[in-house]
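**Student:** If you read the protein sequences in the order shown, they are chains A and B.
To convert, count from 1 in the first sequence and add 57; that's the working numbering.
To convert, count from 1 in the second sequence and add 75; that's the working numbering.
No lab work stands behind these hints: they were computed from the structure.
Hints may be right or wrong, so weigh each one.
Computed far set for chain B versus chain A, every beta-carbon distance over 12 Å [said to hold, decoys possible]:
no.: 1; residue: Ser155
no.: 2; residue: Ser159
no.: 3; residue: Lys178
no.: 4; residue: Leu179
no.: 5; residue: Pro191
Straight line, CA to CA, 27 Å or less: simulated DSSO-like cross-link-like pairs of lysine-lysine [to be verified]:
no.: 6; chain 1: B; residue 1: Lys144; chain 2: B; residue 2: Lys124
no.: 7; chain 1: A; residue 1: Lys114; chain 2: A; residue 2: Lys101
no.: 8; chain 1: B; residue 1: Lys124; chain 2: B; residue 2: Lys178
no.: 9; chain 1: B; residue 1: Lys178; chain 2: B; residue 2: Lys144
no.: 10; chain 1: A; residue 1: Lys66; chain 2: B; residue 2: Lys144
no.: 11; chain 1: A; residue 1: Lys66; chain 2: A; residue 2: Lys101
no.: 12; chain 1: A; residue 1: Lys71; chain 2: B; residue 2: Lys144
no.: 13; chain 1: B; residue 1: Lys178; chain 2: A; residue 2: Lys71
no.: 14; chain 1: B; residue 1: Lys144; chain 2: A; residue 2: Lys114
no.: 15; chain 1: A; residue 1: Lys114; chain 2: A; residue 2: Lys71
no.: 16; chain 1: A; residue 1: Lys66; chain 2: A; residue 2: Lys114
no.: 17; chain 1: A; residue 1: Lys101; chain 2: B; residue 2: Lys124
no.: 18; chain 1: A; residue 1: Lys71; chain 2: A; residue 2: Lys101
no.: 19; chain 1: A; residue 1: Lys71; chain 2: B; residue 2: Lys124
Here are the computed distance ranges between Cβ atoms for each label pair [stated by the list, open to error]:
no.: 20; chain 1: A; residue 1: Pro118; chain 2: B; residue 2: Ser78; range: 17 to 27 Å
no.: 21; chain 1: B; residue 1: Asn116; chain 2: A; residue 2: Arg134; range: 23 to 33 Å
no.: 22; chain 1: B; residue 1: Gln120; chain 2: A; residue 2: Thr77; range: 22 to 32 Å
no.: 23; chain 1: B; residue 1: Ser159; chain 2: A; residue 2: Asp95; range: 34 to 44 Å
no.: 24; chain 1: B; residue 1: Ser155; chain 2: A; residue 2: Gln79; range: 38 to 48 Å
no.: 25; chain 1: B; residue 1: Leu186; chain 2: A; residue 2: Thr64; range: 20 to 30 Å
no.: 26; chain 1: B; residue 1: Gly137; chain 2: A; residue 2: Gly60; range: 34 to 44 Å
no.: 27; chain 1: B; residue 1: Thr147; chain 2: A; residue 2: Ser75; range: 20 to 30 Å
no.: 28; chain 1: A; residue 1: Lys114; chain 2: B; residue 2: Ser78; range: 16 to 26 Å
no.: 29; chain 1: A; residue 1: Ser124; chain 2: B; residue 2: Leu121; range: 26 to 36 Å
no.: 30; chain 1: A; residue 1: Gly120; chain 2: B; residue 2: Ser159; range: 18 to 28 Å
Just so it is clear, CB atoms sit at the ideal spot from N, CA and C, and this is done for glycine as well.
Take a look at the letters that make up each chain.
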Amino acid sequence: NAGVTQTPKFRILKIGQSMTLQCTQDMNHNYMYWYRQDPGMGLKLIYYSVGAGITDKGEVPNGYNVSRSTTEDFPLRLELAAPSQTSVYFCASNSGQGAYEQYFGPGTRLTVT
Amino acid sequence: AQSVTQLDSQVPVFEEAPVELRCNYSSSVSVYLFWYVQYPNQGLQLLLKYLSGSTLVESINGFEAEFNKSQTSFHLRKPSVHISDTAEYFCAVRGVYGGATNKLIFGTGTLLAVQP
Chain A
58 NAGVTQTPKF
68 RILKIGQSMT
78 LQCTQDMNHN
88 YMYWYRQDPG
98 MGLKLIYYSV
108 GAGITDKGEV
118 PNGYNVSRST
128 TEDFPLRLEL
138 AAPSQTSVYF
148 CASNSGQGAY
158 EQYFGPGTRL
168 TVT
Chain B
76 AQSVTQLDSQ
86 VPVFEEAPVE
96 LRCNYSSSVS
106 VYLFWYVQYP
116 NQGLQLLLKY
126 LSGSTLVESI
136 NGFEAEFNKS
146 QTSFHLRKPS
156 VHISDTAEYF
166 CAVRGVYGGA
176 TNKLIFGTGT
186 LLAVQP
């Protein structure tokens with residue numbers, strides 16, 4: 058099992074550009090999450106999904122969009138990149154109700170200049 | 076709603092010395108508590124968790140944490156650290172009756188820097 062995979066590992070965007078951060082898990086987990094990690098701020102939840110076709114906002118959703126068409130994939134879209142979106146993005150998954158551990162991907166380091 | 080406070084952003088320690096990383100939480104309901112570890116340039120991994128029962132929980136690599144309900148704390152300890160323990164450690168909390176989301180609230184992290 059690969060677990061949770063994320064692509065790309067690194068990306069530099071210009072202000073106003075758009076991109077999609079990919080996240081795939083092969084554990085058949087129903088729940089998936091997107092976090093951003095900023096120095097000294099810990100992890101903040103951007104969006105989450107409890108199953109295919111079901112998504113909801115987390116703490117910091119502004120400037121992002123998500124979709125969940127399959128159990129395996131949970132892409133995060135930045136439509137108009139801004140310097141404030143410079144961060145490290147982590148995707149995580151969890152098998153669902155009654156499960157405690159979240160499994161994290163290796164992260165995508167995004168710089169917006 | 077829950078919140079987590081990790082007051083120490085960085086803890087330098089010499090190899091083979093003991094260490095304690097502090098975590099305090101706030102919640103109006105019963106909680107589950109977690110410590111995650113992030114090694115350089117990697118994602119987070121679960122280190123240990125408290126769900127119920129014994130208030131002292133241990134990891135396979137010698138860390139332990141004690142749930143103290145009266146002090147709303149879940150401090151992480153290790154009696155003798157190794158260079159390989161250098162990492163960022165995150166405390167996280169979740170309400171026991173957190174609904175159908177299993178969302179975690181993370182602290183701001185503590186960088187454990189082990190020096191030879």
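**Student:** CB of A:Pro118 to CB of B:Ser78, is that within 17 to 27 Å?
**Tutor:** holds (19 Å)
**Student:** If I take the minimum Cβ distance from B:Ser155 to any residue of chain A, is it greater than 12 Å?
**Tutor:** Non-interface label stands for B:Ser155: nearest chain A Cβ at 27 Å, farther than 12 Å.
**Student:** CA of A:Lys66 to CA of A:Lys101, is that 27 Å or under?
**Tutor:** holds (19 Å)
**Student:** Would you say the C-beta atoms of B:Ser159 and A:Asp95 sit inside 34 to 44 Å of each other?
**Tutor:** violated (26 Å)
**Student:** Please verify whether B:Lys178 and B:Lys144 have alpha carbons no more than 27 Å apart.
**Tutor:** Holds, because 21 Å separates the two Cα atoms, which is no more than 27 Å.
**Student:** Given the hinted pair A:Lys71 and A:Lys101, is their alpha-carbon gap at most 27 Å?
**Tutor:** holds (23 Å)
**Student:** Mind checking the hinted window 18 to 28 Å against the Cβ distance between A:Gly120 and B:Ser159?
**Tutor:** violated (38 Å)
**Student:** If we take the beta carbon of B:Leu179, is the closest beta carbon in chain A still more than 12 Å away?
**Tutor:** violated (6 Å)
**Student:** Go ahead and decide if the range 20 to 30 Å is satisfied by the Cβ distance of B:Leu186 to A:Thr64.
**Tutor:** holds (27 Å)
**Student:** Checking one constraint from the list: CA of A:Lys114 to CA of A:Lys71, max 27 Å. Satisfied?
**Tutor:** holds (25 Å)
**Student:** Verify the CB-CB distance for B:Thr147 and A:Ser75 against the hinted window 20 to 30 Å.
**Tutor:** Cβ of B:Thr147 to Cβ of A:Ser75: about 43 Å, so the range 20 to 30 Å is violated.
**Student:** Is B:Lys178 truly not at the interface, in the sense that its beta carbon sits beyond 12 Å from all beta carbons of chain A?
**Tutor:** At about 6 Å from chain A, B:Lys178 fails to clear the 12 Å cut-off, so the statement is violated.
Hints 3, 4, 10, 12, 13, 14, 19, 23, 26, 27, 30 from the list above are not met by this structure, while the remaining hints are.
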